[in-house]
Amino acid sequence: QVQLVESGGGLVQPGGSLTLSCRTSGSIFTWSIMGWYRQAPGKQREWVAAVHNSGVTNYADSVKGRFTISRDNAKNTVYLQMNALNAEDTAVYYCNLHPPSNRYWGQGTQVTVSS
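Everything in the sequence shown is counted per our numbering, starting at 32 for the first residue and increasing by one.
These are computed hints drawn from the structure, not numbers from a lab. Remember, predicted model here, so these are calculated numbers, not experimental data. Treat the hints with care, as some may be off.
Said to hold, decoys possible - Once the Cα atoms are required to be at most 20 Å apart in a straight line, the calculated DMTMM-like pairs of lysine to aspartate or glutamate come out as: (1) Lys95 with Glu77; (2) Lys106 with Glu77; (3) Lys74 with Asp103; (4) Lys106 with Asp92.
As the list claims (entries may be wrong) - Ranges of calculated distance between the beta carbons of each label pair, as one might list FRET restraints: (5) Gln32 with Ser146: 33 to 43 Å; (6) Ser145 with Ser56: 30 to 40 Å; (7) Gln44 with Lys95: 14 to 24 Å.
Virtual Cβ for every residue (Gly too), placed ideally from N, Cα, C.
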């Protein structure tokens, strides 16, 4: 069964950095576009970033220039490096295919930006 497991979240001060990881089963990873998504309290889940299997990346305007998505095909893992974090980045972060599949939503990892 394919699973996506997110990790790396935590509490960080405004202006700080975190790196999230998403480990996946290899069968969907090697040929898929992978994405990061987030859901803040009281808001709908939104797309954050995507990385093609070629390495081409795309970002939501709200994170462009601050976040970097990358993938390691050998490790079946996708990463999200987050810099210059602010309170509006507080959310549960998920990885999934891009566009997402309801089959693959995991538990997510909580990111809280607070002083």
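**Request:** Provide an ascending list of the numbers of those earlier hints which the structure does not satisfy.
**Result:** 2, 3 and 4
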